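Trainee: Assemble the whole structure, with the sequences as input and the hints as a guide.
Residue-level listing of the chains:
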Amino acid sequence: MEETTVLTMGVRFVRFKLGDAIAEIGRVTLMYRDMLRSVAGKLPAMRLIVDQMNTIGVGSLGLVIIVSLFTGGVAAVQAAYQFENVVPLRFLGAVILRSVIIELGPVLTALVVGGRVGASIAAELGTMKVTEQIDALRAMGINPIRFLIVPRVLAATLMLPIITIFSDAIAILGGFAVAVLTIGVSAGTYTNSLKDFFYTKDLFSGLFKAFAFGNIIGTMGCFYGFATEGGAEGVGRATTRAVVSSCVLVLIVDYVLANVLFEIIFAKS
Amino acid sequence: MIAIRNLHKRLGGKSVLAGVNLEIGRGETVVVVGPSGTGKSVLLKHVLGLIQPDSGSIVVDGEEIVGRREHELNRVRRKFGMLFQGAALFDSMTVGENVSLALFEHSDLDRDQIERRVRERLEWVGLKDVENVKPASLSGGMRKRVGLARAIAMDPQIILYDEPTTGLDPIMADVIDQLIRGLQQRMGVTSIAVTHDMHSAFKIGDRIAMLLGGTIVFNGTPEEMRNTREPVVRQFMEGTSEGPIQPV
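So the protein lines, in turn, are chains A and B.
To convert, note that position 237 of the first sequence is 996 in the numbering used here; the numbers rise steadily by one, no gaps.
To convert, note that position 165 of the second sequence is 175 in the numbering used here; the numbers rise steadily by one, no gaps.
For the record, the hints were derived by calculation from the structure and aren't laboratory data.
The structure displayed is predicted, hence computed values, not measured ones.
Please note that the accuracy of each hint is not assured.
Pairwise CB distance ranges (calculated) [to be verified]:
1. B:S147 <-> A:V765: 50 to 60 Å
2. A:I921 <-> B:R36: 53 to 63 Å
3. A:L795 <-> B:G29: 34 to 44 Å
4. A:L766 <-> B:E73: 55 to 65 Å
5. A:K801 <-> B:E130: 24 to 34 Å
6. A:A991 <-> B:V143: 45 to 55 Å
7. A:A799 <-> B:S117: 20 to 30 Å
8. B:S147 <-> A:N1018: 50 to 60 Å
9. B:E73 <-> A:E988: 54 to 64 Å
10. A:A804 <-> B:E130: 21 to 31 Å
11. A:M805 <-> B:D122: 18 to 28 Å
12. A:L777 <-> B:E125: 24 to 34 Å
13. B:N142 <-> A:Y840: 51 to 61 Å
14. B:S65 <-> A:L795: 28 to 38 Å
Only pairs whose alpha carbons sit at most 25 Å apart, straight line, appear in this in silico SDA-like list of lysine to any residue [claimed, not checked]:
15. A:K801 <-> B:K89
16. A:K801 <-> B:D118
17. B:K89 <-> B:V76
18. B:K89 <-> B:P45
19. A:K776 <-> B:G22
20. B:K24 <-> B:G47
21. B:K24 <-> A:K801
Glycine included, each C-beta is placed from N, C-alpha and C at the ideal position.
Mentor: Right under this line is the structure:
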């Protein structure tokens, strides 16, 4: 009897969560539709977009530099350890290069920026919602979606690939420093390896992913910010949801894009 | 100017507005009073189309606004200025940017004209040299005044006030009341104010309506209200916990 109850509760819980998730996807889709409608004929002022690009992009650079530097360093140490007696160390640069520009650069940048920017967007918009600032905009006849959401989503989408380029370069540099200073690979060997194994399609796929991740981060931050209900507690909840959902979505979309890009688009080249 | 007819709205499974009827003539100031949580702010937000009713009609200046799309409402909303309960100033912007935002968005005025207008409207509400200050560093009374300056920046035909004196000391509340009265005379605007502050209602209203249980239970001049024998109105005016209105 007890088992059935637990089972029924489990099924009910899963069904409830699944229904919740589907409803959420529907609401995000509707927000997207409203975003597209709101910019039809009139884009938001350039100043608003540039402001956000500055906050999201330039503001995240310091954190991204630190994360990337150590990511490159760790990649070098790990690769050297795994190569031991199996793969010659002249391939070290190539492994770091390709793993960074295809995977580590875009994904780690997205996770770090997602945490920082997703949270700040959700908290800012959430606070604006609970203090009636969004109603005040509507009362003035200003479309809050065009004024608040579009610049943020656009800025995040455009800035993430740019930050990712920085992140890639710094991670490769971090790998270089560790390889040369502690592993004993010569500078020439490392750079030659980089040159020999650089493929434009790797860089393109990494940046394409970053573009998608930027869009996810901006959208999730804005969506949960706008959906905030009920005071400070609601703002906290919105912030957590924005960060968690953007991180999870980044990883899911990363998997999907890895398949689409390398199994379909670049499969034969 | 504004006609609200048979307005119904349920929120969170509770009936908040249950057939509200209210007419506001051009140039008139109507104050809607009632206990906290009776849906006064909800009513005000319906007038701007910020909330859509379940049923009923709201006609503003001959135009039905119920069921209108957001972009159509945006056109109607330019006739309005609204002072929000907590002033709802944009805290990422300076006072000047707050007051000028709608002007930059909707008017053809150039930067100089806008700056002059902002200075003028801030002076109307008794503020000087605060354009570059962020709202966070202002007192409650000053925030309300900036909110008021922002509400009148576009020369609205109708001004809505949501609890204009709540949270202010009695002297500042009187300052705000005087400002509201002054603006009515200066701009000839139509106004709706919602408040539970009877003192303020008597000072600013040409007419006072009382919202209770989702409907308007009294509608008359301040004089008529003072002399009414209606028990619910008397209890609310006198501010006693004993009577037909049960405190929640």
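Trainee: Evaluate each hint against the coordinates.
Mentor: Now the hints, each set against the structure:
For the hinted restraint 50 to 60 Å between S147 of chain B and V765 of chain A, the CB-CB distance of approximately 56 Å keeps it satisfied. A C-beta distance of roughly 55 Å is found between I921 of chain A and R36 of chain B, which places it inside the suggested range of 53 to 63 Å. Separated by about 39 Å at the C-beta atoms, L795 of chain A and G29 of chain B satisfy the suggested range of 34 to 44 Å. Checked against the given bound of 55 to 65 Å, the beta carbons of L766 of chain A and E73 of chain B, roughly 57 Å apart, stay inside it.
A beta carbon spacing of about 29 Å between K801 of chain A and E130 of chain B agrees with the range 24 to 34 Å that was offered as a hint. Evaluation of the 45 to 55 Å hint for A991 of chain A and V143 of chain B yields a failure: the beta carbon distance comes to about 25 Å. Checked against the hint of 20 to 30 Å, the C-beta distance between A799 of chain A and S117 of chain B comes to roughly 22 Å, which is consistent with it. About 53 Å separates the C-beta atoms of S147 of chain B and N1018 of chain A, a value consistent with the hinted range of 50 to 60 Å.
E73 of chain B and E988 of chain A have their C-beta atoms about 31 Å apart, which leaves the hinted 54 to 64 Å range violated. Between A804 of chain A and E130 of chain B, the C-beta spacing of about 24 Å keeps the proposed range 21 to 31 Å intact. Between M805 of chain A and D122 of chain B the C-beta distance comes to about 21 Å, which sits within the given range of 18 to 28 Å. Distance hint check: the CB atoms of L777 of chain A and E125 of chain B are about 55 Å apart, inconsistent with the given range 24 to 34 Å.
The supplied range of 51 to 61 Å is met by N142 of chain B and Y840 of chain A, whose beta-carbon atoms lie about 58 Å from each other. In this structure the supplied range 28 to 38 Å holds for S65 of chain B paired with L795 of chain A, their Cβ-Cβ distance being about 31 Å. With a C-alpha separation of about 22 Å, the suggested pair K801 of chain A and K89 of chain B falls inside the 25 Å cut-off, and the hint holds. At roughly 16 Å between alpha-carbon atoms, K801 of chain A and D118 of chain B fall within 25 Å of each other, so this suggested pair holds.
Restraint check for K89 of chain B and V76 of chain B: satisfied, since their Cα atoms lie roughly 16 Å apart, inside the 25 Å limit. Between K89 of chain B and P45 of chain B, the direct Cα distance comes to roughly 29 Å. Violation of the 25 Å bound is thereby established for this hinted pair. For the given pair, K776 of chain A sits about 21 Å from G22 of chain B by alpha-carbon distance, which is consistent with the 25 Å threshold. Distance hint between K24 of chain B and G47 of chain B is fulfilled; the C-alpha atoms sit about 11 Å from each other, no more than 25 Å.
Restraint check for K24 of chain B and K801 of chain A: the C-alpha separation of about 40 Å exceeds 25 Å, so the hint is violated.
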